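Trainee: For the sequence shown, position 197 matches number 197 in my numbering, and the numbering has no gaps at all.
Calculated from the structure, these hints are not laboratory results.
It is possible that some hints are incorrect.
[As the list claims (entries may be wrong)] Straight-line Cα separation of at most 30 Å, DSBU-like style, residue types lysine-lysine; simulated pairs:
#1 Lys53 to Lys238
#2 Lys402 to Lys84
#3 Lys53 to Lys84
#4 Lys84 to Lys238
#5 Lys53 to Lys402
#6 Lys35 to Lys500
This structure is a prediction, so every number in the text was calculated from the model and none was measured.
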Amino acid sequence: MAKPESHQQARVLRSSGAVALSLSLFGAMALTGCKPVGPDYARPNATAPAIYKETGAASVVPPPNPVGGNWQPASPSDGMLRGKWWEIYNDVELNRMEELVTPENQTLRAATETYLAARDQVRAARASFYPTLSAGVGAAHAKLSENRPLAGSTNSYNDLTLAGQASWEPDFWGRLRRTVEAARANSQASAADLATIDLTLHAELAQDYFELRGLDAQSLLLTNTVHDDERQLELNQKLRNGGVVSEVAVAQAQTQLEDVRAQLIDVEQGRAQYEHAIATLINQEAGKLTLASAPLEGALPQVPLGVPSQLVERRPDIASAERRVAAANAQIGIAVSAFYPTITLSGGGGFESTHGGTWIQGPSALWSLGAQAAQLLFDAGQRRALTDEARHNHEAQSATYKATVLAAFNEVEDRLSDLRVLERESTVEHRAVTSARHSLDLSNQRYKGGAASYLEVLVAETTLLTNQRTQADLQTRRFAASVGLIRALGGGWDATQLPK
1 MAKPESHQQA
11 RVLRSSGAVA
21 LSLSLFGAMA
31 LTGCKPVGPD
41 YARPNATAPA
51 IYKETGAASV
61 VPPPNPVGGN
71 WQPASPSDGM
81 LRGKWWEIYN
91 DVELNRMEEL
101 VTPENQTLRA
111 ATETYLAARD
121 QVRAARASFY
131 PTLSAGVGAA
141 HAKLSENRPL
151 AGSTNSYNDL
161 TLAGQASWEP
171 DFWGRLRRTV
181 EAARANSQAS
191 AADLATIDLT
201 LHAELAQDYF
211 ELRGLDAQSL
221 LLTNTVHDDE
231 RQLELNQKLR
241 NGGVVSEVAV
251 AQAQTQLEDV
261 RAQLIDVEQG
271 RAQYEHAIAT
281 LINQEAGKLT
291 LASAPLEGAL
301 PQVPLGVPSQ
311 LVERRPDIAS
321 AERRVAAANA
331 QIGIAVSAFY
341 PTITLSGGGG
351 FESTHGGTWI
361 QGPSALWSLG
371 AQAAQLLFDA
381 GQRRALTDEA
391 RHNHEAQSAT
401 YKATVLAAFN
411 EVEDRLSDLR
421 VLERESTVEH
431 RAVTSARHSL
441 DLSNQRYKGG
451 AASYLEVLVA
461 ETTLLTNQRT
471 QADLQTRRFA
481 ASVGLIRALG
491 GGWDATQLPK
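Let the hints inform the model, and build the full structure from the sequences given.
Mentor: Pasting the structure below:
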């Protein structure tokens, strides 16, 4: 014959099985039986132009791809940029500096930590899908008053407990699923923000680097001019000593020399500032970074454009704005779920006894199983106001997304226009430099032949130097504009890099 304890243990096991079965059934209903309330997400419509105005090249624009749980990847052509876009300039020193941005820059590190925190929020939201379990053990000894009403023979006792609790809120209306959806979209937006900052920092370093190299070119130009002016001063001093020219010519030559020296000092000061800016971007002390002088040379590389419709998939700031629209859409579902009842399942079980010897035995077992449903009946319109607020926030994010897309296309057009205009200006300036150099040669010949004063030579030299510096500046601006175009195109990034 079975012992009473065995019967009690069997009942406990059957009860525990019933709890587990009930939770499983409710879980199946919650996960498969109810569609989440609120609107399903659809990407706001933002039409891409057929061609970039500055290129005039025709292209076929595919229809926009809706983005929900899966991001529709772009189909970049072979001619598109890749991750280390700065390598198209074929500058070893630039490549070395760019490689130091990602591991060293503190702004980028802060953005990385922000993204990791957003990713942790997704994990925290997903945890709500599962029951919360808790367990505890307790031991107490109580002494009761012997003079209490209805006092019995027992005035003191032990209370030993070992119990666990389980609580679970089935996601009947999709509130938890919408919460996870919003957290996931916000996490992806944070990842896109990180990519935007990364692109911005790399582009800023490249532009600073080319500005510095452009100043190196001007520094070399001014240094050579100083040497020429020193020789001109010596020549005029000899001519003055020989009585050929007056003291005025010597003073004019001296003035020209000092003016060019002052310009050289100003260029060196500007170069130091760009060098310090580069040091900041790679998280180094300004005094510890020294870049050897190397004038900006070489041909400007051709930047692959792709078609305008691909820009939506290639700009991380557009991806960030689009993901925030998705998060705002999920918030509408969360707000709508407040109109539905909250259902909570709970259960518990364990052992309780006054003696350690009978603590973990069948007769000492205890358990409970319950369900609770609560419906808010009156809140003075709070839920409706919160739902309207969520809808307005969604519309605001949608408008922000469309504005971001429009600004992106316009930025590409601006950079293309810059490159076109600067190229034309460089062509004209090259002719101006050639003409100014020829004018200086003629003035020198006339001065040496006694047909012109030294002032004519100074005017011709100043004109040539001004045009040469303008030519060097235009070359620098063209390189900086090409970096700006790469940045406007997304720098080789595309939406497939968003975390899933």
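Trainee: Regarding the pair Lys35 and Lys500, is the alpha-carbon distance no greater than 30 Å?
Mentor: Since the Cα atoms of Lys35 and Lys500 sit roughly 22 Å apart, the hinted pair holds (cutoff 30 Å).
Trainee: Decide if the proposed pair is consistent with the structure: Lys402 and Lys84, CA atoms, cutoff 30 Å inclusive.
Mentor: 29 Å, holds
Trainee: Does Lys402 sit within 30 Å of Lys53, going by the straight-line distance between their CA atoms?
Mentor: Holds - the C-alpha atoms of Lys402 and Lys53 are around 19 Å apart, at most 30 Å.
Trainee: Against the 30 Å threshold, does the CA-CA distance of Lys53 and Lys238 hold or violate the hint?
Mentor: 61 Å, violated
Trainee: Is the Cα-Cα distance between Lys84 and Lys238 30 Å or less?
Mentor: Violated: Lys84 and Lys238 sit about 58 Å apart, past 30 Å.
Trainee: Between Lys53 and Lys84, is the straight-line Cα distance small enough, at 30 Å or below?
Mentor: 27 Å, holds
Taken one by one, the earlier hints fail for this structure at numbers 1 and 4, listed in ascending order.
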